[in-house]
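J.: One-letter residues, chain by chain:
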Amino acid sequence: MKKTIQKIALLITFTFSMLNVTAQDRNVAWVHGLDGNASSWQHYNQIFDNERNLNSLRTTYNTENGITNSANQVINSMNTRYGNNANGANNSQNLGIGHSMGGLMLRDADRITANGTKKFGGYITVTSPNYGAPISNSLIDGSVENAAENACNKLADGPAAQLFSLPWGIVSNLATNVLCDKFIDNDLVQGLQGTPVTNNDLRVGSQTINDINDYNTNLPRISIWAEENSPVHWRMISSNLYGNDTKFVNTVNTARGVYNGFYIYNTSLAVVTGVFGFWNPFAWGLTATYTYRATQWKKGRNWIDDSENIWSSLIKTTRSEPQTYWVNTWIPCPYPPGIEQRTANRPPDEDCGEWKWVQRTRYISVNYPSDGLLPQYTQELQGIPFGNRYKVEGANHIEVRNMTTDGNVVDETYEEFIKIFNRIPGDFFRTN
Amino acid sequence: MKKTRIQKFIIFFIATMFTISCDKDYLHIPDTNSNIENSAKALLEISYKMTTTRDYEIAGASLPDLDLATLNPSSEKQEIKMELFENGQLDITIEEVDFSEKIRNPHKILPDDSPKIVKTVISGNTIKFYDANGKILSTENIPIPNHSDLVKTIKDIGSDFSPEDINETIATMQGHHLIDNLEAFIKNLEEEKNHLQKSSGSPITIIEQGDNYVTLRMPLNNIEPAMSQESVLLIDKTLNKIVGTRIYSNNQLLQSTFFGYNKGEVQSLNAIKTIQKIQLLSGNEIDMISYSKIDDMEFNLNL
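From first to last, the protein sequence lines stand for chains A and B. 1 is the number of the first residue of the first sequence in this note's numbering; add one for each residue after it. 433 is the number of the first residue of the second sequence in this note's numbering; add one for each residue after it.
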């Protein structure tokens, strides 16, 4: 009896030690995206190397020459790191984890390798433009540049009307031209602009994107998508600039407050001079001036309010939807031959001079979830089980690689990786 | 064990309260009823509530998505208090007010959880922003001009008219003296062959005059020498008030503004409608229409 127990104990110990060897031998390639390098996945690579004893590969790829070129670099790095054999780079237990374009590189590596030489037995795409990056289309057709130029004009109108020299420093370290240029002056967009081949590859409808999606793979796949809180664009740019998603948001809020302050300041002076015109009609010239200035400042403030809609439209995560709303309207009475109705020659509106609530229905632009750069619909891989889709809430395209930077105590990306690595026994992604 | 936890909690609680109480930002909750930065008595005080709706004349036009993204309607309500001091300093307090009729566009994204500016205080050349708890969010220096010219204008009115006249005009918001002043102003223009030039500014001209109205063209370089725009003022001689302005640049209309007034005993300003050309991202132009409803206006002059 004692011997039987000893044998069982030995068997259990042996079995677990074998499982442990298998776990230790699991090769994982952490693949960065267009804007990244070897350090992009450092945070989670180090955590899971400690927790799961992975045999990780993390290196820098040159992403300037398109998706397939980059995919070949991934294949070569796997062969170099693990050896081009069945127990090494071609081991069916190998796992790939790719951020952004890195996910496409893994999918393309799957497409361009034959059975038996595939480098991964399965992979995880993290905030990847699986069906193309609409921002690339907006860059190519000039929409991003137009939007930035339009923004610069609107932000400059208030300071120009106030006779401030341009560019004007709205708040510390943020001038009018800097704020509007952030649309095209962040590393992600710059990275795309600086690599026309890759930008063209990443656009929705490109041949490479179509080829990747036309390929039927049997490999198990997971897609992790991220949804950022509003304002998605400033949060992503903030993560890009400062390594956290709030600092730039606060700066922009302050800038908005400055524009609003000047708008109200000029409106109030228009009201005051409107009264002093009773005694000195010349003051009404001031009324006109202050009213004009107020609307110019309001233009800049409105742009800041609308900028998320504009950015969301550039990354194509908006939809036109009918909306019914109420507007409290006021109809001025005609002054024949007044300045407004002189040419209209229409009878006075019976409601003129009165406030009236009017219900309106028209199409408006509604923003849908994104990580600040990519819409949900391109991040989420289709054709995989619903349970293979994971979401990191409150994350943008940059910070999803390290969610300890967002100021709360929860590392949301880590939580999702834990769920994936703890999937049921026998699942490809379960990692002991 | 339990005792230790309680002790730790008490220490934590006291430490937290001590930290909060030592934070000057928490101590300094601005009082809306008085100017927090300037204890001097204001020469002029004005306060009002302004509810503004912004919308666009789309009229069934089919617009590109990118254009439509800039054309969502919006509304806001603000309580505003302005004070002008003898030294020309102008202070303003702005409070954002939520209201049930506010237009809420149904975006399907996670909400903004960053602290909102609900109060703005401009005093001297400083602008301060506060959240809903009165905690200061940020402070910036801004170049607010000194308004000693406006102070002088007010003082001149004080010396030209009796306090009773001024008080009655302010109380009723009716320009009892406007016709006399306006007639003198227009006569002056006519005597100058429709040309009146103030200092280095361009001539002010009468465009048209009827029994009940007059329209004047006033180049804005009369106000600021560096401004190149021209304004057209529409003055209602029955209401004794300005009812509209237009701004032109190189004969191109930039914006029209209309003013409306309460009827009855106190004819204070209650409406501002602005129509402004906005350039869309496609390069097309569209009219932005803004309605501002003014409520509870109070105007105090302390001459």
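Treat the hints as calculated values from the structure; they're not laboratory data. Among the hints, a few may not be true.
Claimed, not checked - Some chain A residues well away from chain B (every beta-carbon gap over 12 angstroms; in silico):
#1 G169
#2 S172
#3 T246
#4 T251
#5 G257
#6 G261
#7 K298
#8 K299
#9 R362
#10 N408
As the list claims (entries may be wrong) - For lysine-lysine, the following BS3-like pairs were computed, each having C-alpha atoms within a straight-line distance of at most 27 angstroms:
#11 B/K669 <-> B/K705
#12 A/K356 <-> B/K567
#13 A/K247 <-> B/K705
#14 B/K709 <-> A/K391
#15 B/K540 <-> A/K356
#16 B/K567 <-> A/K247
#17 B/K705 <-> A/K419
#18 A/K356 <-> B/K548
Note that this is a predicted model, so its numbers are computed, not measured. Note that CB positions come from ideal geometry on N, CA and C, so glycine has one too.
J.: Taking each numbered hint in turn, which are not upheld by the structure, reported in ascending numerical order?
T.: When the structure is compared with the hints, numbers 1, 2, 3, 4, 5, 6, 7, 8, 9, 10, 12, 13, 14, 15, 17, 18 turn out to be violated.
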